[in-house]
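Undergrad: Letter by letter, the chains look like this.
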Amino acid sequence: MKNSNAYTIMYAAILGVVCALLLTATAESTKERIEANKEAEKLKNVLVALKVPTQENASSEQLIEVFNNNVQMEVKGEGLEFYYYKPEGSSEPVAVAVAFEGKGLQARIKGFLALEPDMKTIRGITFYEQAETPGLGGRITEEWFVKQFEKKTIVDADGNPGMEIKPGGAKAGINSVDAITAATMTSDKVEYMLNVVIKKIVEVK
Amino acid sequence: MADEKKGCMTCGGGMCGGKGIITLKEGAWSNNPLAIQMLGICSALAVTSSLANSLVMGVALIFVCVGSNLFVSLLRAHTPPRIRMIAEVAIIATFVIIFDQILKAYFWEMSKQLGPYVALIITNCIVMGRAEAFALQNPPMLSIVDGFANGIGYAVVLAVIGIIRELFGTGSIMGLWEADWYVGNLIMVSAPGAFIVMGFVVALFNKLKGPDPEENK
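If you're matching them up, the sequences are chains A and B in order.
The numbering used here applies: residue 55 is where the first sequence begins, and numbers increase by one.
The numbering used here applies: residue 2 is where the second sequence begins, and numbers increase by one.
Watch out, some of these pointers could steer you wrong.
[Stated by the list, open to error] If you only want the chain A side, here are some residues facing chain B, beta carbon under 7 angstroms, derived: (1) Tyr65; (2) Leu75; (3) Phe199.
[Said to hold, decoys possible] Result set (DSSO-like, lysine-lysine): computed pairs, CA atoms no more than 30 angstroms apart in a straight line: (4) B:Lys208 x A:Lys164; (5) B:Lys105 x A:Lys157; (6) A:Lys243 x B:Lys113; (7) A:Lys253 x A:Lys220; (8) A:Lys105 x B:Lys105; (9) A:Lys157 x B:Lys113; (10) A:Lys56 x A:Lys164; (11) A:Lys201 x B:Lys26; (12) B:Lys113 x A:Lys96; (13) A:Lys96 x A:Lys253; (14) A:Lys220 x A:Lys164; (15) B:Lys105 x A:Lys92; (16) A:Lys96 x A:Lys164; (17) A:Lys85 x B:Lys105; (18) A:Lys164 x A:Lys205; (19) A:Lys205 x B:Lys113.
Don't read these hints as lab results, they were simulated from the structure.
Every residue gets a Cβ at the ideal spot worked out from N, C-alpha and C, and that includes glycine.
Starting from the given sequences, assemble the full structure and let the hints guide the process.
TA: Here it is, written out as structure tokens:
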């Protein structure tokens with residue numbers, strides 16, 4: 055009986071349903087918290103890109119508070135999200151971050167590109183959602199990679215918009231940074247998505 | 002072990018016959034999944050760059066191993082042999098995902114650091130190996146002990162590697178103690194360091210355990 059096809063199919067179906075129910079229950083009960091964590095993670099990355107000072111080990115609630123007090127969001131052009139950093143008390147923004155996203159090698163990559171008020175110089179960059187190969191493309195979130203972008207410009211020496219992510223050792227321009235060795239695909243895709251958003255920024259500015 | 006079915010009902014002669022202790026000792030020490038059987042090396046190398054990561058990973062494996070062993074053992078009389086491995090993986094995956102979700106909901110930072118490695122417990126040879134080699138032939142109580150023993154065996158070795166790597170790599174231990182004069186040793190926190198430390202830990206473990214009595218037959 056245990057070896058009959060009917061029994062095997064029944065067993066598999068029941069086991070499948072029980073496992074699915076357990077997973078659904080877990081997912082439902084944790085959904086709210088996970089969503090809140092993801093949202094806080096996103097806001098945190100806006101704050102990091104804009105270099106808004108925050109407490110170390112700040113909780114999700116504290117981060118949301120800092121965000122609400124210092125940052126204003128505005129949608130321009132075709133759904134381009136601009137986050138203006140206006141420190142409490144000042145009327146002029148001291149920096150602006152723009153949300154970008156694009157296709158990575160493994161999954162979509164999302165991040166923020168923060169610019170100085172001149173709208174040319176990069177203040178910071180963060181990638182808050184990515185699933186690139188750990189140890190290779192996944193290194194786009196590492197400090198050495200994102201730090202390279204600071205003080206670079208989104209236009210080349212002649213004023214043409216665009217950035218380059220070139221293999222290490224190449225002559226660095228004011229708009230180029232080193233690519234990640236062994237992660238050419240990820241580097242190319244990040245370069246592409248940055249250029250797409252840079253083009254849009256130049257258009258709506 | 003399966004042939005001895007006498008004894009009390011709850012554990013099928015397991016704990017009462019002193020088998021629980023033997024199982025515990027085997028899983029955690031003399032047949033340690035990491036140091037002796039060399040299973041689950043991938044995660045052991047990947048997450049041991051700090052002690053905190055190692056501990057969470059150890060807890061995850063204990064949880065999954067105990068849970069999957071219990072259910073595989075409970076269902077062992079009803080599971081069709083043809084699909085037993087698929088059934089085991091389904092049970093293991095359920096436990097892993099539950100743990101991963103809890104981690105994501107309540108320990109977000111930790112979950113971010115461990116990244117894909119918690120989900121990868123599904124393919125961890127230790128969990129599958131214990132379900133296949135032990136839980137399928139043994140009563141539930143004994144299977145729980147076995148899952149726990151192997152989980153502890155894994156967790157302890159992971160913690161030892163984690164301490165060594167964090168100490169020599171960054172000069173601190175879980176933020177509880179820190180040497181500011183220490184210059185971080187990058188190799189210890191990167192993958193090659195994991196291999197080196199793992200090698201030494203396994204060698205030490207084998208030295209302490211003594212030679213395998215069956216080896217020189």
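Undergrad: It remains to establish, for every hint, whether it holds in the given structure.
TA: Each hint, compared with the structure:
1. With 7 angstroms as the threshold, the beta carbon of Tyr65 (chain A) comes within range of chain B, its nearest partner Cβ sitting at about 6 angstroms, so the hint holds.
2. About 10 angstroms separates the beta-carbon of Leu75 (chain A) from the nearest beta-carbon of chain B, more than 7 angstroms, and the hint is not met.
3. Among the interface hints, the one on Phe199 (chain A) is violated; its C-beta lies about 16 angstroms from the nearest C-beta in chain B, farther than the 7 angstroms criterion.
4. For the hint pairing Lys208 (chain B) with Lys164 (chain A), the CA-to-CA distance comes to about 50 angstroms; that exceeds 30 angstroms, so the pair is violated.
5. With a CA separation close to 24 angstroms, the supplied pair Lys105 (chain B) and Lys157 (chain A) stays within the 30 angstroms bound.
6. A C-alpha spacing of about 23 angstroms is found between Lys243 (chain A) and Lys113 (chain B), which places the hinted pair at or below 30 angstroms, so the restraint holds.
7. Between Lys253 (chain A) and Lys220 (chain A) the CA atoms are separated by roughly 19 angstroms; this keeps the pair inside 30 angstroms, and the hint holds.
8. The straight-line distance between the Cα atoms of Lys105 (chain A) and Lys105 (chain B) is roughly 26 angstroms, inside the 30 angstroms bound, and the hint therefore holds.
9. With a C-alpha separation of about 21 angstroms, the suggested pair Lys157 (chain A) and Lys113 (chain B) falls inside the 30 angstroms cut-off, and the hint holds.
10. In summary, the hint linking Lys56 (chain A) to Lys164 (chain A) is not supported, as the alpha carbons are separated by about 50 angstroms, beyond the 30 angstroms threshold.
11. Straight-line distance between C-alpha atoms of Lys201 (chain A) and Lys26 (chain B) comes to about 50 angstroms, which puts the hinted pair past the 30 angstroms bound.
12. The straight-line distance between the Cα atoms of Lys113 (chain B) and Lys96 (chain A) is roughly 13 angstroms, inside the 30 angstroms bound, and the hint therefore holds.
13. For the hint pairing Lys96 (chain A) with Lys253 (chain A), the CA-to-CA distance comes to about 23 angstroms; that is within 30 angstroms, so the pair holds.
14. Proximity of Lys220 (chain A) to Lys164 (chain A) is assessed by CA-CA distance (about 21 angstroms); at most 30 angstroms being required, the pair is judged to hold.
15. Under the criterion of a C-alpha separation no larger than 30 angstroms, the hint pairing Lys105 (chain B) with Lys92 (chain A) is consistent with the structure, at around 9 angstroms.
16. Straight-line distance between C-alpha atoms of Lys96 (chain A) and Lys164 (chain A) comes to about 9 angstroms, which keeps the hinted pair within the 30 angstroms bound.
17. Taken as a hint, the Lys85 (chain A) and Lys105 (chain B) pair is honoured in the structure, with Cα atoms around 10 angstroms apart against an allowance of 30 angstroms.
18. Distance check on the hinted pair: Lys164 (chain A) and Lys205 (chain A) sit about 21 angstroms apart at the alpha-carbon level, within 30 angstroms; holds.
19. For the proposed pair Lys205 (chain A) and Lys113 (chain B), the alpha carbon gap of about 28 angstroms is at most 30 angstroms, so the pair holds.
The earlier numbered hints that this structure contradicts are 2, 3, 4, 10 and 11.
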